[in-house]
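Q: What follows is the residue order along each chain.
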Amino acid sequence: MSTPTLPNECVPEPADQPSGAAVVFEDVHLAFDDNDVLRGVSFQLPLGETKALFGVAGSGKSTILKLVLGLLTPDSGRITVLGNEVTQMHEQDMFPLRGRLGIVFQESALFDSLTVRENVAYRLTEEHGIYDDEVDRRVRESLRFVELEHTLDLFPSELSGGMRRRVAIARAIITHPELLLYDSPTGGLDPVTSNTIVELIMKQRDVYRTSSLLVSHRLQDAFTLATHEFDPGTNQLRALPRGQYCNVPMSFLILRDGKVVFDGDIRQLAHTKDEYIREYIS
Amino acid sequence: MPLTSPTEFAKEKVQAVQEYTVMAAASVANLFRKPLYFADMVQQADLIGFGSLPIVVLTGFFTGGVLALQTANTLQRFGSITLIGQLVSTSMVRELGPVLTGLMVAGRNSSGMASELGSMVVTEQIDAMRALGTDPMKKLVTPRVTASVFMLFFLSIISDLVGLAGGLMVAKLFLALDARQYWSNAWQVLEFQDVFMGLLKPVMFGFIIATIGCFYGMSAKGGTQGVGRATTQAVVAASVLILVTDFFVTKLLISVLSFN
Chain H
1 MSTPTLPNEC VPEPADQPSG AAVVFEDVHL AFDDNDVLRG VSFQLPLGET KALFGVAGSG
61 KSTILKLVLG LLTPDSGRIT VLGNEVTQMH EQDMFPLRGR LGIVFQESAL FDSLTVRENV
121 AYRLTEEHGI YDDEVDRRVR ESLRFVELEH TLDLFPSELS GGMRRRVAIA RAIITHPELL
181 LYDSPTGGLD PVTSNTIVEL IMKQRDVYRT SSLLVSHRLQ DAFTLATHEF DPGTNQLRAL
241 PRGQYCNVPM SFLILRDGKV VFDGDIRQLA HTKDEYIREY IS
Chain Y
1 MPLTSPTEFA KEKVQAVQEY TVMAAASVAN LFRKPLYFAD MVQQADLIGF GSLPIVVLTG
61 FFTGGVLALQ TANTLQRFGS ITLIGQLVST SMVRELGPVL TGLMVAGRNS SGMASELGSM
121 VVTEQIDAMR ALGTDPMKKL VTPRVTASVF MLFFLSIISD LVGLAGGLMV AKLFLALDAR
181 QYWSNAWQVL EFQDVFMGLL KPVMFGFIIA TIGCFYGMSA KGGTQGVGRA TTQAVVAASV
241 LILVTDFFVT KLLISVLSFN
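These protein sequences, in sequence, are chains H and Y. Residue numbering for the first sequence follows the working numbering, starting at 1 and increasing by one per position. Residue numbering for the second sequence follows the working numbering, starting at 1 and increasing by one per position.
What the hints contain is simulated information worked out from the structure, not anything from laboratory work. Some hints could be false.
[What the hints assert, rightly or not] One side only, chain H facing chain Y, incomplete, derived with CB under 8 Å: (1) Leu-69; (2) Leu-71; (3) Phe-95; (4) Arg-98; (5) Gly-99; (6) Ile-103; (7) Phe-105; (8) Glu-107; (9) Ala-109; (10) Phe-111; (11) Tyr-122; (12) Arg-123; (13) Glu-126; (14) His-128.
Cβ coordinates follow ideal geometry from the N, Cα and C atoms, glycine included.
All chains, please: the whole structure from these sequences, using the hints.
A: Written out as structure tokens, the structure is:
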């Protein structure tokens, strides 16, 4: 796959994104036994932006997502999520914050003993005090978003891999989280299903302006996200003219040996002189 | 297989005991923190209690029966065959009812809990639960511990009763003893100490069964093979711990309650 050729001229439009950062990593170190996974990782995810995380297998991409959620604790460094310093928080205090986040796991991680309806409704039923009618309406709304309304009473084992991934997205977005984390949402899927998932991620970004971190191995997914926008009118993706790429709230972060070797937008990525990155994206 | 140094091995074991203690304490402390998953407790009580009823009834009945058969010969030699009701009663209520019920439920439920929770761990469902804002200790561990303690108490009582019925069957059919005399002896010999011991033990065994099953499940590693290993370890550890605890509790209660 080739890197998109970009013009030097880009006309920024007045930004309507909220200011501030959804996630801030400051000099984060993490090792498992003798294996240094992250060695001084620092980056920011501005509110409303989607950042795609790339790197070879084992470079610490999924670990970053688990650190954001507080499922892992770093050895040193600071992590701030939606204004809360998670590195200083106790597990019990993390639960309310996690309620403001959504995650799509690599293997979907749906509860296999619950139906699709129960999986998607999980957060709402845990919150208590929400009437069954309201839960049902929101479950249907979420499943309609991923076009799987007809699977309500099926179990995860009865769904295909792509459908499971879409149900996981529906479960993640049902409470309209402020930050979404996608862990290889298109991994192992066929190109048609992958495109559907990318479309859903873009729809969430452009319609609800949700900040998100996207771990992926497929550069073409991230390039699609960086060069297209979702058109709510036609309910389809729309390719942007080259001069408007800089207006897409999308950036790239590349990890190598536990360090950030690139953090920037698609134009910076296309014009990078770094040999490793050029080889990686070529 | 890589060799582990004795120091590392000892450290691992101490850490495991520490983690188990923290988990066991949290499972009780969670009863006093909201939310309380009452529906999950009822569901687990049904699975553990009602689901274990057939094996507990069968085990209790035939244990009572075989106890009567085995002791009949000795009692006959001393001309005390009529005391068979007393012997079956004290043995079942003090010891065999709670211990055998504990071992049966451990075999069935410790393994079930370890495999269920272990599968959830290796398929990231526990991480998903935490990520969705639910504390797995509250949602999964506390209901299992509560249900096990509660249901084992009643299962032991049932086991004692059917054990006595098994003894009665042997006494009546094979030893031609009077049923009324059997029941009368069995009932009258029981004192507060016997009943107290017989009802305290299942509470402790229920706690061991659930906490050990959950601990091995929650610490499962290494895919399906790891889940299998956790399941086996849970049954072995729970069974051994039940027998060890039984010895020390019996010794303690005998000293404290000053049995004759």
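Q: Each of the hints needs a verdict: does it hold here or not?
A: Hints and how they fare:
{"no.": "1", "hint": "Leu-69", "result": "holds, 5 Å"}
{"no.": "2", "hint": "Leu-71", "result": "holds, 6 Å"}
{"no.": "3", "hint": "Phe-95", "result": "holds, 5 Å"}
{"no.": "4", "hint": "Arg-98", "result": "holds, 4 Å"}
{"no.": "5", "hint": "Gly-99", "result": "holds, 4 Å"}
{"no.": "6", "hint": "Ile-103", "result": "holds, 5 Å"}
{"no.": "7", "hint": "Phe-105", "result": "holds, 5 Å"}
{"no.": "8", "hint": "Glu-107", "result": "holds, 6 Å"}
{"no.": "9", "hint": "Ala-109", "result": "holds, 4 Å"}
{"no.": "10", "hint": "Phe-111", "result": "holds, 6 Å"}
{"no.": "11", "hint": "Tyr-122", "result": "holds, 6 Å"}
{"no.": "12", "hint": "Arg-123", "result": "holds, 5 Å"}
{"no.": "13", "hint": "Glu-126", "result": "holds, 6 Å"}
{"no.": "14", "hint": "His-128", "result": "holds, 7 Å"}
In terms of the numbered hints stated before, the structure departs from none.
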